[in-house]
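Sequence order for the protein chains is A and B. Heads up: the first sequence is residues 1 to 170, going by our numbering. Heads up: the second sequence is residues 1 to 144, going by our numbering.
Hints in this document: simulated from the structure, not taken from any laboratory. Please note: incorrect hints may appear among the correct ones.
[Claimed, not checked] Derived Cβ-Cβ restraints for the label pairs, each shown as a range:
id: 1; chain 1: A; residue 1: Gly-161; chain 2: B; residue 2: Glu-135; range: 21 to 31 Å
id: 2; chain 1: A; residue 1: Asn-128; chain 2: B; residue 2: Leu-78; range: 44 to 54 Å
id: 3; chain 1: B; residue 1: Met-15; chain 2: A; residue 2: Asn-144; range: 51 to 61 Å
id: 4; chain 1: B; residue 1: Asp-132; chain 2: A; residue 2: Thr-107; range: 30 to 40 Å
The C-beta atom is built at its ideal place from N, Cα and C for all residues, glycine as well.
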Amino acid sequence: QEVETSGRFPLVVSTWPFLEAVRAAWRAVDGGFSAVDAVVEGCSTCEVLRCDGTVGPGGSPDENGETTIDALVMDGATMEVGAVAAMRYVKDGIRAARLVMQHTEHTMLVGEQASIFAISMGLAGPTNLSSTESLEKWMKWKKNDCQPNFRKHVLPLDSCGPYHPKGTVD
Amino acid sequence: IDNHDTISMAVIDKMGHIAVGTSTNGATFKIPGRVGDGPIAGSSSYADNEVGACGATGDGDIMMRFLPCYQVVESMRLGMEPELAAKDAISRIARKYPNFVGAVFAINKQGLHAGACHGWTFQYSVRSPEMDDVEVFTVLPWNF
């Protein structure tokens, strides 16, 4: 499964057959943009296209039906990293991560504070990250007694809770 | 599993500089506030111009305990080829979590690339100057 590229550089590699994302990154890097900017163009394309519903807004609702974004960018020349985690109300995850890397001394911002930072630095928001599909999926899950879920060693496990630790006095 | 849960991407530019990025909206029906491997450097992706880069996808709750992409880059730093480095990183997780689902791709600074996966068939995409368009590579689950 190992392939030697004779043409060498530039080079774009991505998980999954996200063809439009790779093409966008390729156009950027082949046009002379930096590796960081090409990565941002590529990942941003998947956020806009909502690749498989698992990148960008409108997918993967949490237990409350909300979509939140995790993103990271890393510059292998300087080892600088920018990341946002559990970011609410802002759909541009990878661009927010680049803002953290290029305009702060930090590595990661999280939650609503990450949203406030991203919006203050020029990204669109606050916006609702839910979609008709993500809310329908969530409502179906609620009707199915919140199955499956990621809880363990809690009661009641077979319904929506509220949960409490199993085996403790309540 | 048709739920490709993350984009993780590596780019080497014309200067030979390497960067990586990851973006995801996480696991469906996660507990509010849950953060996966996506924003964790060394887990979902890692890059070092001196060595190469790595991208990962899969069960982030498990994978982030092993920093698979940091491991891939460190293995290549010690001289391992990308294919072996990728398989080694995946096998370290599989030994502890035989049911985990995940994958990594590895590229070295020369542009040699490979993938390894566990629990599902993995595909990764490549575009280089010798290709007319993006090419998709399929990696079958490795039996460790």
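Which hint numbers does the structure go against, in order from smallest to largest?
1
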